[in-house]
Amino acid sequence: MGDDQEVIYVSTGRPKPPIPYNMRDVVLPGDAACPGCPIPMAWKVLSAVFGEKMILVIPACCSSVVVGTYPFHSLKTSIIHVPFASAAAVASGTAEALERRGILDVQVVAWAGDGGTADIGMASLSGAAERNNNILYIMYDNEAYMNTGIQRSSSTPLGAWTTTTPIKGKIEPKKDVAKIMIAHGVSYVATASIGYPHDFYNKLQKAKGIRGFKFIHLHAPCPIGWRFDPRYTVRIAKLAVETGLWILYEYHDGKLTISSPSRAYMDPSKRKPIEEYIKLQGRFRNITEELLSEIKRQMDANWEWIKKHM
Amino acid sequence: MGMKKALTGNYAVSYAVKLARPDVIAAYPITPQTSIVEKLSEMIENGELDSVMIRVESEHSALAACFGAAVAGARVFTATSSQGLLYMHEVVHWASRARIPMVMAIVSRTINAPWNIWPDHSDFMDQRDAGWVMSYAMDNQEALDLVLQAFKISEDPSVYLPVMVGLEGFILGHTTMPVDIPDESMVREWLGPRRQGYIIDGSTPLAVGGLTMPEDTENIFYGIQEAMNEAKKVIKEVTNEYNKLFGRKYSGLIECFHCSDAKYITISIGAWSGDLMEAVEKLRSEGYPIGSIRIRYYRPFPMEDIWEVIRSSKGVLVYDRSISFGSYGPIFTDLAGGLLTYTRNPPYVSNIVAGIAGVNVTAEDFYKLTKEFIDEVEKNGQPPGFKWVMIRR
Ligand SMILES: Cc1ncc(C[n+]2csc(CCOP(=O)(O)OP(=O)(O)O)c2C)c(N)n1
Ligand code: SF4
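Line by line, the protein sequences give chains E and R. If you're matching positions, the first sequence starts at 194 in our numbering and goes up one per residue. If you're matching positions, the second sequence starts at 16 in our numbering and goes up one per residue.
Take the hints with a grain of salt, since some may be wrong.
[As the list claims (entries may be wrong)] Using C-beta positions, here's what the derived DEER-type ranges look like:
no.	chain 1	residue 1	chain 2	residue 2	range
1	R	ASP144	E	ASN325	33 to 41 Å
2	E	PRO359	R	ARG210	47 to 55 Å
3	E	THR481	R	TYR213	50 to 58 Å
4	R	ARG210	E	TYR214	38 to 46 Å
5	R	GLU204	E	GLY378	43 to 51 Å
6	R	GLN240	E	PRO228	40 to 48 Å
7	R	GLY62	E	HIS445	34 to 42 Å
8	E	PRO366	R	PHE401	32 to 40 Å
9	R	ASP195	E	GLY378	41 to 49 Å
10	R	GLN240	E	LYS269	30 to 38 Å
11	R	ASP195	E	LYS269	48 to 56 Å
[What the hints assert, rightly or not] Here are a few chain E residues that face chain R, going by a calculated C-beta distance under 10 Å:
no.	residue
12	PRO213
13	LEU268
14	SER279
15	ALA284
16	ASP312
17	SER319
Simulated from the structure, these hints should not be mistaken for lab results. Glycine is no exception: its CB is placed at the ideal position from the N, C-alpha and C atoms.
Could you put the whole structure together from the sequences, leaning on the hints where they help?
This is the structure:
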């Protein structure tokens, strides 16, 4: 593993916090992801923070497939594949065992989709948070059950088409898992986006320094399920933030702070119209004016909530 | 030095676990298992036992946490019953397929609905295809001894499979008997440090359980079948070692009672085998050439051992305390299937399902039923077939 602190600067404008150039150390070429998949993008950032010193606990989800087929393996780190509902519980056990054995430099990372987190895995997630087990739980939120063919999850947004909401789109609002985790009183909860790797990198670094339970809710647009051209994954991720729909923040020891990519959008006049985000995605093709204004109303309420708790 | 204590079956399990000193224990309550993990919690909090207790939010998580810890190199233990075991079932399979040694006690209680907390073997038998070595105790002493042996067997390199130890709720679980507790340092030396096939602890990249093509998956499953065969040898070795070290007289996979000259044999598992033996004793005193086999290890199924005993017998009566609805009792099914691989002329074999959902079956009942079976074979020259016996008092 290259320990050299070579850095890349991706921006031509204002300077970004550096990401060490070791993003490819762990993520090897030849994974089984679809073109434009957000998962390997996020893994590269994870790689830059933890290198091989992580144990990924992966329940049933796209990621179980993306790593590749035995005996091949597109990640140079350890993985425990586990039953759908059990990521947080398995990770808890692994973390306890490592601590018991005096291994303190390996981070156990539960890496689960929104279905495995917001739905079937909710009880085990809540249990691990309440026990404050020393794990980092990352929910990569592609807003549906992609592995089984784009069915709605409780994290699917209002109005979105899925194969189980095929005509009307989802009629319930998106479950806000980050807020649920804040209510658990854990030390660290953050939202992140694959469109902002520097921000994600910083949050992972922060989480790395905290013992106990940490949660990161990572917004991860999926070209297959959201019905957009694979080249737009990052653009759509950024648009979610720029429209104010996805708000990047950190909650650390009771203090909530808006992260820099989202800071400008506290001012509603700076936000791009959400139609810009919506119109690029086939899943919102049949959305009605009513649902659109309901989405705006919920977005405003979310901003109000965040401002109140800052 | 070892010592004698009056212990319930559940506490006998707790004491065995204490002697095995697991690194991690997961706890989730369900009647009649609960007092095992309560006792262990007490031992941990008063400093008698240095284990990490993970107080999880469900049985699914209990076994998942044990799995996660065991994969990372920890010796682990958990216990459950009935609905809890059913709730775990997905992870039960997961652990064996990963070839991860671990030990779990099953304090049997029937499966609901309707709500019922009395014991039969249906929860335990429900797990028979999961790839765990499965033993079942007859009394509290054996419950303790089987749990200790379970750690040794599970962590044997030619096995590396999880082991579950069954005992009947209330009948053993909550009944006090004198139990001989082995000397802790002797147990420590005998068990030795934790052994397992691989460890995922971040020292080297390693993955378990990922997407695998059919041929490789089948290969992994075949490995479990081979390990089960190996386990038969290992169980016998471990039992012998244990007998020598701790002064017991257990046989291996099965226990025989009056078998050597018997023309008729009964087969059973669990606590009611004691009542059955009483009935056999009485029948013997009346001149019936009867013996009984008690199964100590249900998986791997001890077909060879049973065959050695019954090959020259005239009739075999299997008592099952659970039912595969629409079929027969599970022990009968295993036996009947196995027999045909040995012979085209098997003895007369019959199956009685009784004691379901906690219905009490006494020595007197066994006496009557067994006698009926022998008389019928003698008179009609054919086995009476499958019977579900409902005992109403
Ligand atoms: C107990 C159980 N139920 C259902 C499934 C089938 N299943 C596998 S992956 C999956 C959906 C995963 O969705 P999500 O967690 O959102 O991850 P994604 O596939 O979107 O990456 C489902 C339903 C399963 N593996 N286990
Ligand atoms: S369906 Fe979406 S999340 Fe799943 S592998 Fe394909 S692009 Fe990635």
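Hints, verified against the model:
no.	hint	in the structure
1	ASP144/R to ASN325/E: 33 to 41 Å	holds (37 Å)
2	PRO359/E to ARG210/R: 47 to 55 Å	holds (53 Å)
3	THR481/E to TYR213/R: 50 to 58 Å	holds (54 Å)
4	ARG210/R to TYR214/E: 38 to 46 Å	holds (41 Å)
5	GLU204/R to GLY378/E: 43 to 51 Å	holds (45 Å)
6	GLN240/R to PRO228/E: 40 to 48 Å	holds (41 Å)
7	GLY62/R to HIS445/E: 34 to 42 Å	holds (35 Å)
8	PRO366/E to PHE401/R: 32 to 40 Å	violated (56 Å)
9	ASP195/R to GLY378/E: 41 to 49 Å	holds (48 Å)
10	GLN240/R to LYS269/E: 30 to 38 Å	holds (33 Å)
11	ASP195/R to LYS269/E: 48 to 56 Å	holds (52 Å)
12	PRO213	violated (19 Å)
13	LEU268	holds (7 Å)
14	SER279	holds (4 Å)
15	ALA284	holds (6 Å)
16	ASP312	violated (14 Å)
17	SER319	holds (7 Å)
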